[in-house]
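Novice: Just need the whole structure built from these sequences, with the hints factored in.
Protein chains: 2
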Amino acid sequence: MDDAEFRSLHRQELVDDRINGASQLARRALDGLAEFSGSCSIEDPAELQEALLAFAEELQYARPNMAPIHNLVERWADRVAGLEPATTAELRHDGAAIAQELSDGSIHAVSRAACEAARLIGPGATIITHSLSSTVLEAFLTLAPAGVDAIITESRPGLEGRNQARHLDQAHIPVSFITDAQLGHFSRIADVALVGADTLLGDGALVNKAGSYLLALAARDCGIPFYVCCESFKQVPYGAASFELETLDPAELDAPRGRYITPCNVYFDITPARLIDAWIDETGARYAARADSDAT
Amino acid sequence: MDDAEFRSLHRQELVDDRINGASQLARRALDGLAEFSGSCSIEDPAELQEALLAFAEELQYARPNMAPIHNLVERWADRVAGLEPATTAELRHDGAAIAQELSDGSIHAVSRAACEAARLIGPGATIITHSLSSTVLEAFLTLAPAGVDAIITESRPGLEGRNQARHLDQAHIPVSFITDAQLGHFSRIADVALVGADTLLGDGALVNKAGSYLLALAARDCGIPFYVCCESFKQVPYGAASFELETLDPAELDAPRGRYITPCNVYFDITPARLIDAWIDETGARYAARADSDAT
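Going line by line, the protein sequences match chains A and B.
Numbering-wise, our numbering puts 38 at position 38 of the first sequence, and it's gapless, one number per residue.
Numbering-wise, our numbering puts 61 at position 61 of the second sequence, and it's gapless, one number per residue.
Among the hints, a few may not be true.
[Stated by the list, open to error] Which residues of chain A face chain B? A partial, calculated answer using Cβ under 8 Å: (1) GLY147; (2) GLU244; (3) LEU248.
[Claimed, not checked] Derived Cβ-Cβ restraints for the label pairs, each shown as a range: (4) A/THR126 / B/ARG166: 37 to 45 Å; (5) B/ASP31 / A/GLU246: 45 to 53 Å; (6) A/ASP191 / B/ASP16: 34 to 42 Å; (7) A/ASP191 / B/PRO237: 27 to 35 Å.
By construction, these hints were calculated from the structure, which means they are not laboratory data.
Glycine included, every Cβ here is placed at the ideal spot set by N, Cα and C.
Specialist: Written out as structure tokens, the structure is:
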């Protein structure tokens, strides 16, 4: 495989992936950068540095609604751009080492955020969630020994929820597996709604798999809290006004064909901050502003 | 086919049907009663009357969450029970005639309700709906010449929305076809949400395909009206407290298998009256109580 093939293949894998959440894909992107640092055929240090940064820029925008891909790859690119390597060997080593360091940091942050969520929720709860999130999965695993029940949506069209259900099953956690349309009915049974995030906007709004907004509405209507749990690398500074929701291949819907039928696959939706009761990251929980609270 | 086979087959067809809405299935039940009146092998008038009423009772509870099946079959049974036929020929004729009369009345009521909905909504609107409803379909067809756009969900697991989309496509009505999980995002684009009903409870709450409650929540949050449109035969006197939601075969979800995974297929959900802006039937529209209104 030549350099161009490697870059194109790795980027496409990120675009097509429906198995992994945003944090995992961000670490996949870092893995790709580490591997490319080692395998790229260029032998001049300055040219190699330029090729690495060009590849980073390609990966950064592979999944525009997944902030950690953008943020972690940008962090990597900033540090690699600041290197002044005398040899390609040195640059190859540093490129891989920085990727590893950022990846380890991400794993640690996810773990910490999951622990904070588990601490906030406590044992014996029935948690309803939507789609797939490695952070939410870790929160479930943390709570498993003390007892926890899960309500998991299938999450059409990518069916990421099937994966979430399999992981929980392996951990012996009882799972009620539902269609996305049953989110409302089952919110009446749950104690708490917990989701991960693809991106957290500057105004506290959540970008996550389409359907998360519906879960937040149902949770509010049923009087259960709606928590968002993710590493802080998922935050972006701008708000919903300057954010465009990613549309994926409409063929995923397997819609009936017709001249007047347009299948739509807006893969994410935006949950406004006013529907979120707490944001949980590796540093702890931040609660929504209430009459008796000073949080924002 | 003997009498028992006919009865069992017809009942099972009602149970398994995912193509037709509640009003259509109610008329199917009446068709079955008319056909059985003619074909049943019993030659004693009193025994025939008893067999017809027994069959009616079987059909009445074939789809417990679809009120018109119960209501129209009960109306038929009440009238057939009141007959005092001298001959089986007379009873056969009357049984079929009463079924036809009730069926015609249902078709007329659906049509009138659809016209009322079309009049209330007016031309040029983008209407978002969920699942399949013959009344909603007729409202779309009524609005088609003046212009109307549709947002249609696939409606997992039965995929009734695919049928709705095909019917609209045949009528040259532009359809945005979405997953159920996109109901929230697309409510922001729609002008009005319109659904049919499987049952209307005594307190004004709606029983309809699971996901209708989510659409009502999204419509309220997005500031668009949520209308329910159905013939008055869908009303029952009791409230949500004494209503049990129908659960269909969990295999329809095609869930991942696992010892700790329980697939759930609660096919309907309940939308409380407070989320409904107007109830439309063949007699017109009844609006939700507002500070400036005297409706209930």
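Novice: Are the hints correct? Go through all of them and say.
Specialist: Okay, the hints, checked on the actual structure:
1. GLY147: Interface hint status for A/GLY147: violated (13 Å vs cutoff 8 Å).
2. GLU244: 13 Å, violated
3. LEU248: 11 Å, violated
4. A/THR126 / B/ARG166: 37 to 45 Å: At roughly 39 Å between Cβ atoms, B/ARG166 and A/THR126 fall inside 37 to 45 Å, so the hint holds.
5. B/ASP31 / A/GLU246: 45 to 53 Å: The hinted range 45 to 53 Å holds for B/ASP31 and A/GLU246, with Cβ atoms some 48 Å apart.
6. A/ASP191 / B/ASP16: 34 to 42 Å: 36 Å, holds
7. A/ASP191 / B/PRO237: 27 to 35 Å: 34 Å, holds
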